[in-house]
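Asks: Sequence:
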Amino acid sequence: MRILTTCIFLAAVVASSAAIGQVKGPGTYYVSVEKTDERLAPAANAKSTNVLRTRQAVEVLEVKGQWARVTKYYDGQVEGVPGQVARWVAVKDLSAARPADEVAKSDEPEIAKLLTGSDDFARYRKAFIKASQELIQRKQCSVQDFKEVGGWSKSTNFPNKPVYFTYCGGMTKQNRVYLNAATGEVFR
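Per numbering that gives the first Met the number 0: the sequence shown = residues 0 to 187.
No wet-lab data here; the hints were simulated from the structure.
For every residue, glycine included, the Cβ atom is placed at its ideal position computed from N, Cα and C.
Do not take every clue at face value.
[What the hints assert, rightly or not] Simulated crosslink set (DMTMM-like; lysine to aspartate or glutamate; CA at most 25 Å straight-line):
#, residue 1, residue 2
1, Lys46, Glu78
2, Lys160, Glu37
3, Lys129, Glu78
4, Lys71, Asp36
5, Lys125, Glu33
6, Lys153, Glu133
7, Lys160, Glu133
8, Lys34, Glu133
9, Lys112, Glu78
10, Lys125, Asp74
11, Lys153, Glu33
12, Lys129, Asp118
13, Lys146, Glu78
14, Lys91, Glu147
15, Lys71, Glu61
16, Lys125, Glu184
17, Lys71, Glu58
18, Lys172, Glu184
19, Lys153, Asp36
20, Lys23, Glu58
21, Lys138, Glu109
22, Lys153, Asp74
23, Lys91, Glu58
24, Lys160, Glu61
25, Lys46, Glu133
[Claimed, not checked] Computed beta-carbon distance windows for the label pairs:
#, residue 1, residue 2, range
26, Ala42, Glu109, 42 to 52 Å
27, Glu133, Pro25, 38 to 48 Å
28, Asn49, Ser152, 38 to 48 Å
29, Asn159, Glu33, 11 to 21 Å
30, Gln143, Tyr73, 38 to 48 Å
31, Gln139, Lys63, 41 to 51 Å
32, Gln173, Val50, 26 to 36 Å
33, Glu61, Gln132, 42 to 52 Å
34, Glu147, Gln76, 42 to 52 Å
Build the full structure now, drawing on both the sequences and the hints.
Replies: As structure tokens, this is what we get:
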């Protein structure tokens with residue numbers, strides 16, 4: 000009995016250390032929690048300068064204890080602090096594999112299954128489905144467009160707003176359709 004208990008304990012320790020230690024060194028990793036802070040030093044009480052969300056990719060440049068550096072060092076005056084700083088993320092919030100996004104519910108329309116690859120699908124599911132259905136009804140987009148593109152991507156042109164884009168009618172810039180997921184506004 001003692002041997003069985005010891006084996007179970009060791010298996011649990013190995014499994015938990017493997018989950019925590021997924022970030023072994025430099026490389027591309029993904030945020031595995033709903034959101035995590037980028038901090039200006041490898042410490043939980045360091046100034047937060049940005050928030051990263053689930054499935055967002057980061058390039059880890061260095062690992063120091065339980066922290067991963069995700070930017071080069073730069074002048075701290077930009078952040079209102081003296082000296083050189085870099086952005087750090089807690090290792091426990093990163094994963095080597097991109098987490099799967101929440102899948103479409105079975106009672107949702109078929110289009111929902113084509114949108115599960117969208118950035119932040121779990122958060123903006125209803126807005127993505129509604130906008131996609133309206134675009135298809137107005138014949139501005141086709142089901143095939145969503146099959147090819149795989150959903151909505153976060154736009155870097157609107158960093159402070161929940162604006163996403165997809166392509167309808169081709170993969171060129173003029174075929175981009177934008178959606179403000181907070182307001183439901185669709186625009187080109």
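Asks: Check the structure against each numbered hint from earlier and tell me which ones fail, lowest number first.
Replies: Numbers 3, 8, 9, 10, 13, 14, 22, 24, 25 and 28 - these are the hints that the structure violates, sorted from lowest upward.
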